[in-house]
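**Student:** Keeping their order, the protein sequence lines are chains Z and S.
Under the working numbering, the letters of the first sequence match residues 1 to 264, in that order.
Under the working numbering, the letters of the second sequence match residues 1001 to 1307, in that order.
If you are wondering where the hints come from, they were derived from the structure by calculation, not from laboratory data.
All C-beta atoms, glycine included, are put in the ideal place defined by N, C-alpha and C.
Be a bit skeptical, because a hint or two may be false.
Cβ pair distances, simulated, as ranges [unchecked claim]:
#, chain 1, residue 1, chain 2, residue 2, range
1, Z, 125, S, 1008, 54 to 64 Å
2, S, 1287, Z, 147, 15 to 25 Å
3, Z, 55, S, 1300, 51 to 61 Å
4, Z, 5, S, 1284, 54 to 64 Å
Dumping the calculated BS3-like pairs for lysine-lysine here, alpha-carbon to alpha-carbon at most 30 Å [to be verified]:
#, chain 1, residue 1, chain 2, residue 2
5, Z, 145, S, 1122
6, Z, 112, S, 1086
7, Z, 147, S, 1238
8, Z, 77, S, 1032
One-letter residues, chain by chain:
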Amino acid sequence: MLDLINIRKTFNPHTINEKVALNGVNLHMESGDFVTVIGGNGAGKSTILNAIAGLWPLDEGRIVIDGQDVTGLCEYKRAAFIGRVFQDPMMGTAGNMQIEENLAIAKRRGQKRGLCIGITKEERQQYKEMLATLGLGLEDRLTTKVKLLSGGQRQALTLLMATLTKPKLLLLDEHTAALDPRTAGKVLELSNRIVKEHRLMTLMVTHNMKDAIAYGNRLIMMHQGRIILDISGDEKRCLTVPVLMNEFAKASGDELATDRALLS
Amino acid sequence: MNISSLISALPGATAQGLIWGIMAIGVYLTYKVLDFSDLTVDGTMATGGAVCVMLMINGTNLWVALLCSVLAGMAAGLVTGIFHTKMGIPPILSGILTQLALYSINLWIMGFKANQGINVTKYNLLVSARNVRHLGMDNPIFIMLAVTAILIVVLYWFFGTELGSSLRATGCNEQMAKAQGINVDRCKRIGLMISNGIVALSSALFAQYQGSVDVNMGRGAIVIGLAAVIISTVIFGKLFHNFGLKLMAVSIGAVLYYIVIQVVLWLGLNTNLLKLLSALVVAFFLAIPYWTKNAKNMKRSKGAKHA
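Next up, chain Z with everything else stripped away, as it sits in the complex (with noise of 0.2 Å):
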């Protein structure tokens, strides 16, 4: 379960810069949940991500992973909880580290790193089999470095390890949108796959409508930092674009015709 309460961020108070980020958000997920957020940009998308990864305090608000409050901890805390996949698949992986040691590392987390050995041989026989599930040919190159894979290769293996270890929660951040498009379906539908199996709890937000519609059995969307549509069970699964076009225009009034180009 996640529970956000009243959850506020101002970025740059008191100057020019001034952004309310957050203002107010309300959200209660189930475990196993699939949640998918859209919204234009600076809706609050991906500072609701960061909010709930801990990248900052928040200015009021709390944050309740599985009845744990993990408002006060810092982000290398959460990450105990938390399985991320960011925007820039740069981002998720350590470059000039072989992948087998990438998740190594991933396979510790929330665990305490000791003297023990980084990793052992039982290990990279099961990082094998799971890397052949990816179907990307990796299962062989175990001990390549991470900087020498393709963006698409480096997104699956951020995914990976993200639930290498079973997160409480799953937070994935536009993570194919950089991506061609035929690897971002592909990664796409990994995440899927990997999300029912372990059935995650899972928190994805996306530029792209349709995705929005396809994944998840439940859709929020933002708009100025807060939740402007929470549609979930058989309504979601009948939505269509056109639909959602026509609430998104109902709450945002006068925007919609900049953030129709970017949303279509």
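Fit chain S to the known structure of chain Z by using the hints.
**Tutor:** Then chain S, alone, in the frame of chain Z:
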């Protein structure tokens, strides 16, 4: 210009290079592994020697004195780490602050004298310049080869552990490290402590080698360390991919640096101009990656115009 005078200077240059190679390995750990330009080393490169010499003069056992030197260096690294991670001071400035503070501390350790001597005939020293032409196990070149080998083995083991891997991840991609639950601030402090401990060890050995410690001994140490790192990447970068071999290359880089210095001096350069030369050479090599990147971009934009 007599070639035999150059050749007779080579054993000394090699021994010095190996000792400073230890320091260069310390610099490599912060500069390359942790991606932290740590200027603390200019101070630590005198602290280690000061601690070692003063303890030994006062009757402490050689090995205990060496251990205390390392601990003193680690403490200096920790201070820089605290400046950076707990007080938000940028890396370079953190190092400069510790370095400046160390100048006073080093003088204090040395009884407020600018230098202190330690005589090899009176004390049981590990390495001494006096033995540099001996063909025996007391030759500092042999001893330094052994010390370097042991250090590399230990570091190779450490950076393969869970903790060592998290240090490497911190230096490589801080964002990823945090997302994987790594306490990056702690990693930086640990890395700085290890690095400065190693530098202090080098300093203690160098003080023994030359039979004295000087408060200015570490001035420009960071540049010598960077020079060794750069020489090693230029010559062995494409060849060595294993971490242990890379560390070995750094040590070789330091030896080559001292041999080149020896050659330049033999060619008649004024000793007082050495630091100027070192700085310019290092600046030049540090610029190479930037220039090659620019050149590639230029080519690309030109290509685009033609297309």
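**Student:** Does the beta carbon distance between residue 1287(S) and residue 147(Z) stay inside 15 to 25 Å, or does it fall outside?
**Tutor:** holds, 23 Å
**Student:** Against the range 51 to 61 Å, how does the distance between the Cβ atoms of residue 55(Z) and residue 1300(S) compare: consistent or not?
**Tutor:** The hinted range 51 to 61 Å is violated for residue 55(Z) and residue 1300(S), with Cβ atoms some 34 Å apart.
**Student:** Hinted pair, alpha-carbon criterion (30 Å max): residue 147(Z), residue 1238(S). Please report holds or violated.
**Tutor:** Cα-Cα ~16 Å, so holds.
**Student:** Taking only the CA atoms, is the gap from residue 77(Z) to residue 1032(S) under or equal to 30 Å?
**Tutor:** holds, 26 Å
**Student:** Do the Cβ positions of residue 5(Z) and residue 1284(S) conform to the proposed distance bound of 54 to 64 Å?
**Tutor:** holds, 58 Å
**Student:** Just to be careful, I want the Cα atoms of residue 145(Z) and residue 1122(S) compared with a cutoff of 30 Å; is the pair within it?
**Tutor:** violated, 53 Å
**Student:** Starting from residue 112(Z), check that the Cα of residue 1086(S) is at most 30 Å away, please.
**Tutor:** holds, 21 Å
**Student:** Cβ-Cβ distance between residue 125(Z) and residue 1008(S): within 54 to 64 Å?
**Tutor:** Holds - the Cβ-Cβ distance for residue 125(Z) and residue 1008(S), about 57 Å, lies within 54 to 64 Å.
When each numbered hint is compared with the structure, violations occur for hints 3, 5.
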